[in-house]
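Going down the list, the sequences are from chains A and B.
Read in this note's numbering, the first sequence has 73 at position 73, and its numbers run on one by one without any break.
Read in this note's numbering, the second sequence has 43 at position 43, and its numbers run on one by one without any break.
Source of the hints: derived by calculation from the structure; they are not laboratory data.
Just so we're clear, the structure is a prediction, and the values are computed from it rather than from any experiment.
There's no promise every hint is true.
To be verified - Straight-line alpha carbon distances no greater than 30 Å define the calculated BS3-like cross-link-like pairs of lysine-lysine that follow:
id, chain 1, residue 1, chain 2, residue 2
1, A, Lys246, A, Lys196
2, B, Lys67, A, Lys146
3, B, Lys185, A, Lys217
4, B, Lys185, A, Lys2
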Amino acid sequence: MKIAVCVSHVPDTATKIKIGADEKMIDPAGVVYIINPYDEFAVEESLKTKEKFGGEVIAVSVGNDNSKETIRKSLAMGVDRGILLKCDRALDSYGIAKALSEELKNYVPDIIFMGKQSVDYDDAIVGQLTSEMLGISCITNVIELKIDGQKITAEREIEGGKEVVESELPIIITTQKGLNEPRYASLKGIMAAKKKEIAEKQVGDFSNLTEVLKIKKPAEKQPGRIVGTDASAVPELVRLLHEEAKVI
Amino acid sequence: MPKYIIAILEQRENKLKKISFEVISFSKSLSEKLGLEAAAIVIGDEIDNISEINNYGISKVFHFKNKLLSNYSVSAYSDIITEFVKQLDVEYLVLGDTSLGKDLAPRIAARIKAGCVMDIVNINLSEETPIFTRPIYAGKALVDMKFNSDIKVVTIRPNVFKGQKIDNPNTLNIDSKEIQNPNLKTRVIEIKKAEGKLDVAEADIIVSGGRGLKGPENFSLVENLADVLGAAVGASRAAVDAGWRSHRDQVGQTGKTVSPSLYIACGISGAIQHLAGMSSSKYIVAINKDKDAPIFSIADYGIVGDLFEILPALTEEIKKINS
Ligand SMILES: Cc1cc2nc3c(=O)[nH]c(=O)nc-3n(C[C@H](O)[C@H](O)[C@H](O)COP(=O)(O)OP(=O)(O)OC[C@H]3O[C@@H](n4cnc5c(N)ncnc54)[C@H](O)[C@@H]3O)c2cc1C
Ligand SMILES: Nc1ncnc2c1ncn2[C@@H]1O[C@H](COP(=O)(O)O)[C@@H](O)[C@H]1O
């Protein structure tokens with residue numbers, strides 16, 4: 001089976017965000033970057049799929065040279081080879097999906113795994129856009145997956161429960177926590193990853209359909225009132241919620 | 001001829017969901033400000049509460065019908081909506097940022113070469129072109145975006161733009177079309193509902209528990225409080241990773257992002273990843289025995305004390321005002 005996994009290189013979730021001088025990007029100074037947490041589920045699922053059906057897994061990332069670290073991480077987990085689609089400009093999700101689909105249409109995977117969302121811009125749309133550009137199916141937010149011949153049965157998380165979805169290969173699956181437990185890269189894996197190939201290609205010139213005007217910090221919230229230090233404060237708390245905040 | 005703004009509604013089990021009314025009110029208000037014509041689309045079988053649409057300000061609805069479409073199918077929905085949109089002069093498509101809207105909006109956008117801005121929480125119409133604001137980095141920052149495309153697709157964050165009933169609605173005009181052979185290449189074959197539980201993503205009040213609960217059995221304290229408030233039960237990742245709660249309940253950067261009117265955090269320290277998912281709640285209450293816990297920095301009201309004592313007292317006190 002031909003399998004691809006798309007990985008993005010994002011700031012660690014514990015990062016405090018500082019706005020950059022141009023107010024269009026964050027200030028990268030001091031920011032630690034990691035593989036997008038949801039993409040670890042995608043990598044794990046791609047490896048499990050290969051273990052079951054055989055074939056090859058490639059990891060693709062759109063970004064600058066630093067994204068190689070994230071590709072390397074997936075190689076250390078067991079992915080066979082990587083492709084960096086190099087781009088130093090900021091692309092919107094449409095541009096990223098375009099870059100990914102231009103590359104993947106040459107490779108024609110049976111299944112492409114992505115995370116349900118990147119924890120930087122939290123768009124949660126690259127998988128769906130790429131599926132349209134490649135003209136293949138897509139199931140998002142997947143927490144359980146069965147592949148049986150050409151047939152796919154997946155469970156996806158929705159409000160108040162799960163949907164069981166049926167579709168067919170080729171397909172893009174975007175992964176949600178709960179699908180699997182990502183493996184750790186072994187020392188052997190890390191050593192092996194150093195020898196694996198990461199091909200580099202320049203991304204074409206795509207026009208963005210949306211444009212960032214400005215990024216800013218949300219209004220600071222004033223710390224509130226400590227109503228008390230034991231259960232005797234409860235009636236006052238309830239009074240405040242009822243009469244002042246009017247939320248109960 | 002004015003261009004259209006189309007509200008794409010969401011139904012489950014033949015009933016329009018709350019988010020649909022938020023989408024209608026939002027579209028209606030934007031249509032007035034931008035001089036657009038507002039209409040709605042709903043796909044499904046019979047829609048029990050379809051007659052409520054005009055109460056929120058839109059009086060033209062296109063209902064695409066087929067028994068096989070009572071469940072969601074992204075392939076069918078995308079086909080139907082893109083076909084429809086191509087026949088009209090459409091400027092905006094509006095959806096809710098729900099599991100359905102998130103799945104569908106980009107699919108339609110890609111087909112009609114529209115830009116897509118997801119999860120908006122604000123819109124500014126005082127500039128030359130409308131500016132849409134959305135949270136990024138899990139709410140640690142906000143971004144102002146504009147479109148460079150002719151057709152624009154936006155999804156609105158649930159609970160932020162309220163569904164508002166209008167006075168003297170026009171009569172509802174329903175244009176119903178039976179869909180022949182819907183494209184069911186990808187389709188929902190079953191919905192597994194979580195046992196009678198309100199989902200944190202849809203709740204107006206949330207009571208969340210963390211590691212401070214000490215064990216799964218003590219979540220009954222949280223559940224009892226949630227019951228008297230008609231609230232959903234949430235959890236920190238620590239509680240989820242310990243296996244005390246399902247991931248479905250996790251609030252935070254790698255869980256759900258919520259904006260209820262009231263969020264009560266019990267035995268949750270307030271790690272940055274947790275705050276990321278709930279800091280946009282209207283009112284936040286923290287119950288924690290550590291006065292230096294970061295959760296107090298964003299709480300409107302707090303009690304520094306033992307939750308095992310405070311939660312039962314709080315439940316009793318609320319029962320009193322309920323009765
Ligand atoms: C990539 C990544 C993603 C993450 N995503 C999320 C996420 O989505 N959501 C999330 O929540 N976390 C997330 N985290 C984890 C986060 O960093 C914290 O570890 C987690 O939120 C802590 O949960 P907690 O507050 O329940 O536990 P703790 O931090 O251990 O806090 C327990 C609190 O309970 C209080 N307490 C104890 N006993 C009592 C008592 N008897 N009465 C009152 N108070 C008491 C303590 O004072 C303490 O403040 C993520 C971490 C990473 C690295
Ligand atoms: N720059 C990128 N390079 C490769 N894959 C990406 C990139 N950005 C996003 N993706 C993939 O698309 C998923 C959803 O991202 P997003 O739509 O940006 O939230 C991620 O989990 C990745 O699998």
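List of violated hint numbers, smallest to largest: Numbers 1 and 3, in rising order.
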